[in-house]
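Chemist: Let chain A serve as the given structure and place chain B on it in line with the hints.
Each chain, written out:
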Amino acid sequence: MGKLGTKINKLFKYERQSVTRTVRLVIWALLVFFLIAFAFAFISTTERTEKDYESRQSETIINNTSSSIEANIDNYTDISRLLLLNETVTKYLKAIYPDIGLHNDARFGVMDVLNVCRNLDSVVIIRNDYNFMNTGRGLYDIKQDELTSSEWKEKIVKEKGGALVLMNGGGTFYRKDGAPIISIARAFYDIHTQKHIGYMLINFTTGMLDRLITYQNRSSVCIISTDGEYLAGNEELCQYMSDEFKTNNISHKTVGLWFNHRMISGKTMENLPIVIICETKASTQAMPTEFIISFIILMVTFLASIFFTRNFMLRNFTTPIVNLSDAMEKTKESGWIERVSIDPPNNEIGILADSYNSMIDYMNDLFKQLLENEQEIQRAEMSVLHEQIKPHFLYNSLECINCMAMDEGATNVQKAIATLGNFYRNSLSKGSREIPLSREIRIVQDYLYLQRLRYGDVLIDEYHLDERTLDLVVPKLILQPLVENSIYHGIRLKGEEGIISITSRLMDDGLHLYVYDTGIGMDEETINKVLSKDEPIVDNPSTNVLSGFGLKGTIQRLRYYCGSDNAVKIRSELGEYTEIEITVPVKNVEQNKND
Amino acid sequence: MIRVMVIDDEPTARKLLISTIDWNSLGMEVVGEASNGIEAINVIDDMQPDIAFVDISMPFMNGIDFTKLAIQRYPNLKIIILTAFDDFEYARECIKLPVVEYLLKPIDEEEIVKALKEASEAIATIKSNASEEAEGENENVSLTKITTYLKENYTDSTINLMSVSLKFGFNSSYLSRKFKQETGKSFVEFLTECRMEKAIELAKNNMKMFFTASEVGIPDPNYFGRCFKKYTGVSYSEYVANNSKSG
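Chains as they are written, first to last, in my numbering: chain A, 1 to 595; chain B, 1 to 247.
One chain only, chain A, in its complex shape:
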């Protein structure tokens, strides 16, 4: 059973089954199982009832037949008694030499009696000297040997005057046409002396039996002698004759298969060498109507309850589960962590949906909290970073070196040190995130001055600044990384003197800043890569260290600051120029201070 269970499970798991399908399958399996059980019960009950009915029916037929035959035999036995008292017959038997006169007298005497009854084929009166008188003269063959043998006579004598039924006169008389005859045999005794004087055989044909059974159903009854000789009725039934019918009780056996099966019943009649065989077939009469009706009612009730159960399960369990899982799946596919919105029933499934929703809520809360925490940490890290660079120490050292350079008359060193000091002062600027544009420009100028010291005069810087823009605030260190990019990825790679030009314009939609260089330019692919948001800023250490990571980081920073992806635009022609345009919202210094 356990094995079967796992097999069924395997069958279900063969593909990912829906709950609905599983329920349907189980219901159908139940239905089939119960239908088979019903059919089995129905067939076995029907068979049993049929058998009972058939045996009852056959018993009735056999008993009827048998009692009719007995009645007839009794009737003839009575007639035989009349003959016993007939004088002419007695005379014939008692005569020492029976002449033809006595013979004929006896014949007519018997004929008188026979006239009152039908079906008697003949009467034979046999003297002890085996002379005999036969009313059906010429119709019979006489077996002289049997007649003279003592065997059959002894049987008759044993009856002590009672009647004995024999086939064909106990083997002594046969009809010439071969038709079997039934004989009632008696012994004659002298009334006065009680001495045995002769025998009598009353022979009649099977026509008597035929007539008897026409009252029954002729085709279903067959009468046979115990020797197996057909006597009357349906001759086909003779083939079923067997030893089990040679008792005085009714025996049954079934022949045929399936829808052709029949019951054969039979018995041997008491004291008679006659077997009655009866065939009964199943018929609709066998089943009582009530039984069939109650069976149908049971069936319909069962089917109805199965379908009710199915619908109940589908409505209350399966469909809500499917709806819930569909809703969850949809949420999953959408890629968002959202509540499911279905109307579940008020049971465990409803609780499940509620739990799922509250879990989603909880997760969303967690995400939000995580995000906030992360932002908080970033802010904290930034301020720590600003704190860590101790500007005072740096500035003081630089000032000291500046002073030494002045003492030794190293004007260039003095200027370089002063510029470096300025650069750091402006860049750090007390950790504030926004500075006036003029200061940002100053950072760029200092930066370019220092870079020229390192690499020689490979670059010229130009500034085209709108007066009105100088006091506007911009995020700190937005121009310097762009200029750095222009040097390292533009001008230095070209091998020629290059120009870096910085322009500011005030327009309706904000402050526009342009960083232009005459470097090698950028191709479309590089521009897209720099502007794309998908690729992480730092994807591997080599790009971090050795390529323009500052540019991408700055662009990202500007986008956050402006809240717009269009804050940065890049125009370029390979081998000619690169121009980066940034647009930031207009903000005055005063406003910034008020913040």
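Please note that a few of the clues may not be correct.
Claimed, not checked - Taking CB as the label site, the calculated pair distances span:
1) A:Y463 with B:K204: 36 to 44 Å
2) B:D46 with A:Y463: 38 to 46 Å
3) B:R226 with A:N566: 39 to 47 Å
4) B:S237 with A:A410: 50 to 58 Å
5) B:K151 with A:D509: 56 to 64 Å
6) B:Y102 with A:D509: 29 to 37 Å
7) A:A410 with B:I107: 38 to 46 Å
8) B:I107 with A:D457: 41 to 49 Å
9) A:R433 with B:E197: 33 to 41 Å
10) B:Q72 with A:D565: 40 to 48 Å
11) B:K151 with A:E573: 45 to 53 Å
What the hints assert, rightly or not - Calculated lysine to aspartate or glutamate pairs in the DMTMM-like style (CA-CA distance at most 25 Å, straight line):
12) B:K15 with A:E496
13) A:K143 with A:E159
14) B:K204 with A:E159
15) B:K105 with A:D466
16) B:K229 with A:D78
17) A:K158 with A:D105
18) A:K143 with A:D129
19) B:K204 with A:D457
20) B:K229 with A:E496
21) B:K15 with A:D457
22) B:K105 with A:E524
23) A:K569 with A:D471
24) B:K68 with B:D22
25) B:K229 with A:D407
26) A:K569 with A:E524
27) B:K68 with B:E93
28) A:K415 with B:E93
29) B:K229 with B:E193
30) B:K105 with A:E399
31) B:K96 with B:E118
32) A:K195 with A:D210
33) B:K230 with A:E496
34) B:K15 with A:D243
35) B:K229 with A:E497
36) B:K204 with A:E573
Bear in mind the hints are in silico, worked out from the structure with no lab data behind them.
All values reported here derive from a predicted model rather than from experimental measurement.
All C-beta atoms, glycine included, are put in the ideal place defined by N, C-alpha and C.
Modeler: Relative to the frame of chain A, chain B by itself:
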């Protein structure tokens, strides 16, 4: 004398290093400089240094790529990587080899002297062990094969005397001598001629210098510019202005 070469893209940094150390007292002399890996590859065979100072962050060919290449071609060369803090750990990750020494910028005289002394000891043992190498003459390979190879491969920016010698199974000094003998030009002159002829062709087509430079196998336009001027007598831009087909 132990020969020292300095490779750094900042002229001031090179100058500082060269003037800070008292090379003579260490038995050393600075034989040359290069501003990046490309230039270094082109001049290293002439200078035959025993020690090379290499900066990491350089344009066109950075210090890591150059070091990887140099380790293969010059197994006896001691390399000292001199780098700023930003690149230090990264460089150490890239090249984990004992022949390489790492020093942090800004330079500290004591550290450098210590490293140089260690290097000079190592070089002394190498030189004493190395008997005069056989000439490794390979007469089977005719020089035309090499010149053909150069004509076909001069656009490869990593090609130099050593790489060709290794490829064809020659001793580099032997090849250098034989090359001069048979062609009348040094190896470098021949390679440069191949490149410059192509460059002149491109210049006539009004190509930008940086583009031409990378086309002919000298992706560093500064070094290319110097080579071009040396070869033609005029700067590239002047040449373009005078000879451009488009006028």
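Chemist: Of all the hints numbered above, which does this structure not satisfy? Sort the numbers upward.
Modeler: 4, 6, 7, 8, 9, 11, 14, 15, 16, 17, 19, 22, 24, 25, 28, 32, 34
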